[in-house]
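**Q** Sequence:
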Amino acid sequence: MSYEMIALLMFSSMMLMLLTGQRVFGAIGFVGAAAGLLLWGTGGVDVPFSAAMKLMKWYPLLTLPMFIFMGYVLSESRIADDLYKMFHVWMGPVRGGLAIGTIGLMVLISAMNGLSVAGMAIGATIALPELLRRGYDKIMVTGVIQAGSSLGILVPPSVVLVLYAMIARQPVGQLWLAGVLPGLLMAAMFIIYIYVRCRLQPELGPVLPEEERRVPMAEKMRLLGAGILPLAIFAAMMVPFVNGWTSLVESSAIGAMTAFLAAVLKGRMTREVFENSVRNTLGISCMFMWIILAALGFGAIFDGLGAVKAIEDLFTSQLGLGPWAILILMQLSFIIMGTFLDDTAMLVIVAPLYVPLVGELGFDLIWYGVLYTITTQIAYMTPPFGYNLFLMRAMAPPEIGLRDIYVSIIPFVLVMAVALTLVMVFPQIALWLPDYVYGK
1 MSYEMIALLM FSSMMLMLLT GQRVFGAIGF VGAAAGLLLW GTGGVDVPFS AAMKLMKWYP
61 LLTLPMFIFM GYVLSESRIA DDLYKMFHVW MGPVRGGLAI GTIGLMVLIS AMNGLSVAGM
121 AIGATIALPE LLRRGYDKIM VTGVIQAGSS LGILVPPSVV LVLYAMIARQ PVGQLWLAGV
181 LPGLLMAAMF IIYIYVRCRL QPELGPVLPE EERRVPMAEK MRLLGAGILP LAIFAAMMVP
241 FVNGWTSLVE SSAIGAMTAF LAAVLKGRMT REVFENSVRN TLGISCMFMW IILAALGFGA
301 IFDGLGAVKA IEDLFTSQLG LGPWAILILM QLSFIIMGTF LDDTAMLVIV APLYVPLVGE
361 LGFDLIWYGV LYTITTQIAY MTPPFGYNLF LMRAMAPPEI GLRDIYVSII PFVLVMAVAL
421 TLVMVFPQIA LWLPDYVYGK
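Counting in the working numbering, the sequence shown runs from 1 upward without gaps.
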């Protein structure tokens, strides 16, 4: 059997295992381990062993539990509630102001947690009922929650970019900085869309009633201070790192400790909050470590087969495609896979093929990490089986049906596609900040 046929058999076996509902790391790890034993006999056990050693020696991986703990502390201690109250009071007089404030809330939640699920949970439980109660159009606000929550995997500290960094062997710090400007650009485009549409159709996002806007200035300033707290935590973590005073791991420890102290000082660090935060941190961290371990083992087998060279030869020599055409086909395949897989599974499945191929084609792997993440965001909201669609269905009130959820994401997917195109055409949107910081 040719190496190309073995690679194809491995890939199809892994897809079949995933379709049976097995855990992602179990399916990928089993196929990789079985292929290693069949190809190299007992010597094949060296592949997962070396992958495990590589994982244990990867110092930046320590950032993962730190940032997840920080996000859960801020979420469980209800500090996110203060954020929404701030946006509610300050953005109420603007048409569509609460929807715009919800996007701002999602950006800050992303900067606290790094997971899409956290933003969706907070948006659906805190923001969505308030928006519906105040007469906002249910289809528009459903799209706002889904689009805003997707920013969690792009704005640092993104957990998905940590996973990409490990598999692509790229610096986590550069990837996080590369995600800042594209994430803010996308958030700004969402806000402009909401503002313009609510100006053209005022009934979609009415202003707050006069009596609700009569809030004493002292209360407004108090809420502003409460809302700025997460920003202060983020600044305490990122400013030393950007200026080179601390390493990435040290900054993550500062962020976790600052969030913990903030919850203590506000009197919200109860035993229940601490226990839930630690349990969730342990569960998520272990899940990602198993997935990374399986991905490294599977990728090593693929490298040993030379499958990347075979695929490059197929695209360039046999099909005659140029580098940009191949890149666009890769992005389309992510969107198709995103209809039935989450971002982690997608990355682990195709990273052994795509990441080395992108390097061979002459593209920057930091820039490609941002492209992958934006494409994943689009895939999250693409019917029929987009990840965010079903999360929203599980969390939304009964009056929001599946059809409303599907229709709501259309304009936001188009906005994200425009943002993706801009980052592809102008790579410096992603690369300027890491080049500036690391160059300095």
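It is worth saying that the hints were derived from the structure and are not from the lab.
One thing to keep in mind: the hints can contain errors.
[Claimed, not checked] SDA-like, lysine to any residue: derived pairs with alpha carbons at most 25 Å apart: (1) Lys57 - Ile254; (2) Lys54 - Met91; (3) Lys85 - Ile191; (4) Lys138 - Pro65; (5) Lys85 - Arg222; (6) Lys220 - Ile254.
Treat the numbers as computed from the prediction; the structure is a model and nothing was measured.
**Q** Which hint numbers doesn't this structure obey?
**A** Violated hints (numbers, rising): 2, 4, 6; every other hint is consistent with the structure.
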